[in-house]
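Visitor: The lines below spell out each chain.
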Amino acid sequence: MAYRPYRLGGTVPVPHDSDPKLAAYAHPERVVTTAWLAEHLDDPDLVVVESDEDVLLYETGHIPGAVKIDWHLDLNDPVTRDYVDGARFAEVMGSRGIGRDTTLVVYGDKDNWWAAYALWVFSLFGHPDVRLLDGGRTAWAAEGRALTTEVPDRPRVGYPVVERDDSTIRAFRDDVLAHLGRPLVDVRSPGEFSGELLHMPDYPQEGAVRGGHVPGAANVPWARAAAEDGRFRGREELETIYLGEAGLAPDDDVIAYCRIGERSSHTWFVLTHLLGFDRVRNYDGSWTEWGNSVRVPIEQGSGRSRGRPVDQQGTS
Amino acid sequence: MTDLPTAWAEIADDFGAMTPSERLQLLLEFSEELPDLPERWVDHRDAMEPVPECQTPLFLAVEVDAHDRVHLFFDAPREAPTTRGFAGILHAGLDGLPTQEVLAVPDDAPLRLGLGEAVSPLRLRGMVAMLGRIKRQLRVRTAAG
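Line by line, the protein sequences give chains H and Y.
Position 164, counted from 1, in the first sequence is what this note's numbering calls 164; the numbers after and before it change by one each time, with no gaps.
Position 94, counted from 1, in the second sequence is what this note's numbering calls 94; the numbers after and before it change by one each time, with no gaps.
You may find that some hints are simply not true.
[Claimed, not checked] So, partial list: chain H residues that the calculated Cβ filter (under 10 Å) puts toward chain Y: (1) Leu57; (2) Asp70; (3) Thr80; (4) Val84; (5) Thr138; (6) Leu147; (7) Glu150; (8) Pro152; (9) Thr168; (10) Ile169.
The set of hints was computed from the structure by calculation and includes no laboratory data.
What you are looking at is a predicted structure, and each value in this text was computed from that prediction instead of being measured.
Each residue gets a CB set at the ideal place from its N, CA and C atoms; glycine is no exception.
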């Protein structure tokens with residue numbers, strides 16, 4: 001079944017951002033600009049969520065009223081390599097004053113890399129209205145907009161225990177094995193893709209014993225979707241990259257992956273919400289699972305089997 | 001804990017007495033108190049040792065003065081407060097100690113600060129790596145001297 005993004009219903013409490021750049025996207029209701037957010041900070045039905053790679057960044061100053069949700073501490077199960085279950089998710093949300101009807105605007109550091117990851121996890125639980133702040137923390141701060149260290153005191157609300165849907169936007173290793181021959185996007189850096197590097201440049205070795213990529217994957221480093229200022233590129237530029245260079249089509253069944261599923265959440269967002277792909281799954285096991293799995297096929301080198309060559313710029 | 005230097009043990013006690021959210025605040029204070037890089041290192045960043053195990057790359061340098069006191073220098077961006085906080089703890093807990101005392105600090109000392117709950121154990125690997133690299137530099141010097 002195709003993933004159905006949230007659409008305008010009869011009773012949407014928080015209006016959408018009608019910014020013309022956003023309007024060109026397939027699902028403009030999933031993105032807001034910094035200017036729009038600044039005007040809607042006091043909306044009682046909206047909660048701003050900060051989700052960063054650096055767990056202390058929120059404490060140094062955040063968008064007024066924003067709550068913090070950390071991908072490690074709040075969204076990952078502490079024991080099993082999986083996301084939290086419905087009960088824990090309800091606690092994470094309810095304890096921050098987020099109800100099922102709350103409009104969420106998520107933002108974070110590093111071009112929204114981790115914010116997109118949090119948004120993807122929120123989507124596994126089907127939170128209806130969740131949007132990303134275009135440009136994230138960097139854009140907000142660069143414009144000299146307000147930041148505060150004051151932690152909001154939001155009263156706890158009830159959030160229903162909703163079971164995670166792992167079947168529509170999430171792929172597991174066996175799904176990838178069954179998918180071989182169909183479109184795959186590897187969003188890591190060219191060095192990781194070719195197998196020269198087992199981890200991101202300048203990032204920790206996260207323990208994959210083999211280097212390379214899933215056979216047939218196209219290499220489109222995730223950050224190519226972001227412009228210099230950290231905001232998403234416009235629709236046309238994104239189409240040039242993903243439809244032109246990578247050879248994908250909006251009705252393709254696509255699986256995206258990276259190292260642990262964070263960078264590919266960003267690409268999942270771009271393909272699903274900005275370009276309107278119907279069926280994109282994020283393989284969160286990603287290279288730390290595939291590169292350690294016994295007897296799964298691996299391809300090395302920069303060669304690719306689909307579309308035209310992707311240039312090597314814009315790695316993270 | 002007899003195997004820990006006094007300053008480090010005090011830091012560990014402080015963290016140990018706190019809730020996870022208070023630990024984050026203290027870590028933030030350490031990040032703010034990390035001394036700026038002195039001029040002589042600002043001009044020689046390329047001679048500092050990179051610590052790629054940290055999420056945001058950090059550079060460190062180790063000096064040993066004429067009285068065998070260890071001095072630590074760190075360079076990490078303001079946008080990486082967690083990494084700076086780890087460096088701040090290492091600086092506050094170890095700077096000025098004799099070489100042998102730093103070498104005697106257990107490799108897992110960063111894991112015993114109760115920070116796992118506050119920042120996640122995965123993130124603490126960067127701090128373990130910093131300590132490991134400091135000790136390795138000191139061992140090389142000791143062997144050479």
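Visitor: Look at each hint and say if it fits the structure.
Guide: Cross-check of the supplied hints:
This hint holds: H:Leu57 has a C-beta 6 Å from the nearest C-beta of chain Y, less than the 10 Å allowed. Here the hint on H:Asp70 is kept, as its CB sits about 8 Å from the closest CB of chain Y, short of 10 Å. Interface restraint check for H:Thr80: the shortest CB-CB distance to chain Y comes to about 15 Å, outside 10 Å, so the restraint is violated. Annotation: H:Val84 was flagged as interfacial toward chain Y, and the flag is violated, the nearest CB pair being 14 Å apart, outside 10 Å.
Evaluation of the H:Thr138 hint against chain Y yields a held restraint, the C-beta minimum of about 9 Å falling below 10 Å. The closest approach between the C-beta of H:Leu147 and any C-beta of chain Y is roughly 13 Å, which is over the 10 Å cut-off, so the hint fails. Residue-level restraint check for H:Glu150 is violated (minimum Cβ-Cβ distance to chain Y is 13 Å; threshold 10 Å). At its closest, the beta carbon of H:Pro152 sits 14 Å from a beta carbon of chain Y; the interface hint therefore is violated under the 10 Å criterion.
A hinted interface residue such as H:Thr168 counts as satisfied when its beta carbon comes closer than 10 Å to some beta carbon of chain Y; here the least separation is about 28 Å, so the hint is violated. Interface hint at H:Ile169: violated, since its Cβ lies 24 Å from the closest Cβ of chain Y, which is beyond the 10 Å cut-off.
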